[in-house]
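Enquirer: The chain contents come next:
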Amino acid sequence: MGFSVTGSHVVMFIASVIAAGAVSGVFIAITYNISGSLTERGDRLQEQLDTEFAIINDNERIPTNAGYYIFYIKNIGGNTLITTNQTFQILIDGDIISTSDYTFNPKKISPGEVSTLQISITLSSGDHVLKIIGPQAVEEKFIFTI
Amino acid sequence: MGLSTAAAFAIIGVSILIVAEVILGDVVPLVADIQESYEDMRDRSIDKLQSDIDIIDTTTTTNGTGYDLNITIKNIGSTVIDLRYMDILIEGKKETFNHNSRYLYPEDETTLKIYNLTGSGNTRLKIITNLGISKYTTYTV
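Chains A and B, in that order, are what the protein sequence lines are.
Using the numbering used here, read the first sequence as starting at 1 and increasing by one per residue.
Using the numbering used here, read the second sequence as starting at 1 and increasing by one per residue.
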C-alpha cells in the first residue's frame with residue numbers, strides 16, 4: 001500500500017518533468033527559429049533602407065560607344081553598392097535585357113560615386129523607358145529619347 | 001503532487017529565461033540597427049529636399065582644335081555640397097572637371113573647369129550633385 005502511493009507519486013513526478021521538458025524544448029526551438037528569421041528579414045530590410053541609386057543621364061542625349069548605349073548609375077544611398085549583372089536587372093520598354101548584353105564599370109561604388117552601365121541593344125528613334133532593379137528590389141525608372 | 005508541480009514550473013521558468021535572453025540578444029539590436037538605417041534614410045531625404053544649385057555662368061575659351069569651359073555655379077540650398085561627388089555631363093557624356101575647393105557652402109559660388117572639349121554650336125550641360133540634384137543649361141561654342 002505504501003509503495004503504491006510512493007510509486008504513483010514518482011510516476012506523476014517523472015511524467016510532469018517529461019511534459020514540462022517537452023513543452024520547454026518546443027518553446028525554445030520555436031523562439032530560435034523565429035529569432036533567426038527575424039534577424040534575416042531585418043538584415044534585408046536594413047539593406048533596402050540603405051540602398052538608393054539614381055540614373056543621372058541627360059534624357060535627350062544618351063551617349064553611345066561601339067554599339068553600346070551608356071547610362072550612368074550614381075550611388076545616392078548610405079552604403080557601398082555592388083554593380084554587376086548579377087545584382088542588377090535591366091528592362092527597356094518592359095523587355096528584360098539578357099545579362100550577357102550589359103556590363104557595369106566599376107563593379108563597386110561608394111556613396112556619391114558613379115558606375116557606367118553599357119547596354120548592347122538596338123533602339124528605334126523616339127521615347128523609351130529604362131528600368132533598373134537593384135539589390136533588395138530597389139528600382140529606378142528613366143525615360144529617355146533617341 | 002506538489003514536488004512535480006514545482007519541478008514543472010522550474011523547467012518552464014528556465015525555458016522562459018532562455019527565450020528572454022534570445023529576444024534581448026538578437027531582436028533588440030536588430031530593431032536598433034533598423035532604426036538607425038531608417039534615420040539615415042530620413043536624413044538623406046531631408047538633405048535632398050534642402051539641396052539645390054544654380055548655374056550662374058558658362059564661358060568658353062578656344063584651345064587649339066577644342067575649347068575649355070568654365071562653369072560658375074552657386075549653392076542656393078541649405079546643405080553643403082561635396083564637389084568631389086559632383087558629375088558634369090556635356091552633351092550627355094560624363095566629363096572630368098577641376099575645382100578649387102572640396103566643399104561648396106550655402107550662398108557661395110565656385111567655378112568648375114573642363115579642358116579640351118570638342119564640338120560646336122548649342123551644347124547641353126547637366127550638373128548633378130552628390131545627392132542626385134541636377135540642373136540643365138545650354139551654352140554656345
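Keep in mind that the hints are not guaranteed to be accurate.
As the list claims (entries may be wrong) - The following label-pair restraints were derived from C-beta to C-beta distances:
1) B:P29 to A:K107: 47 to 55 Å
2) B:V28 to A:S120: 35 to 43 Å
3) B:K113 to A:E47: 32 to 40 Å
Said to hold, decoys possible - Derived list of chain A stretches under chain B, where covered just means 3 residues or more per stretch with a C-beta under 8 Å from a C-beta of chain B:
4) 8-21
5) 120-129
Hints are computed from structural coordinates only; laboratory data are not their basis.
Every residue gets a Cβ at the ideal spot worked out from N, C-alpha and C, and that includes glycine.
Enquirer: Broken hints, numbered, in rising order?
Expert: 1, 2, 5
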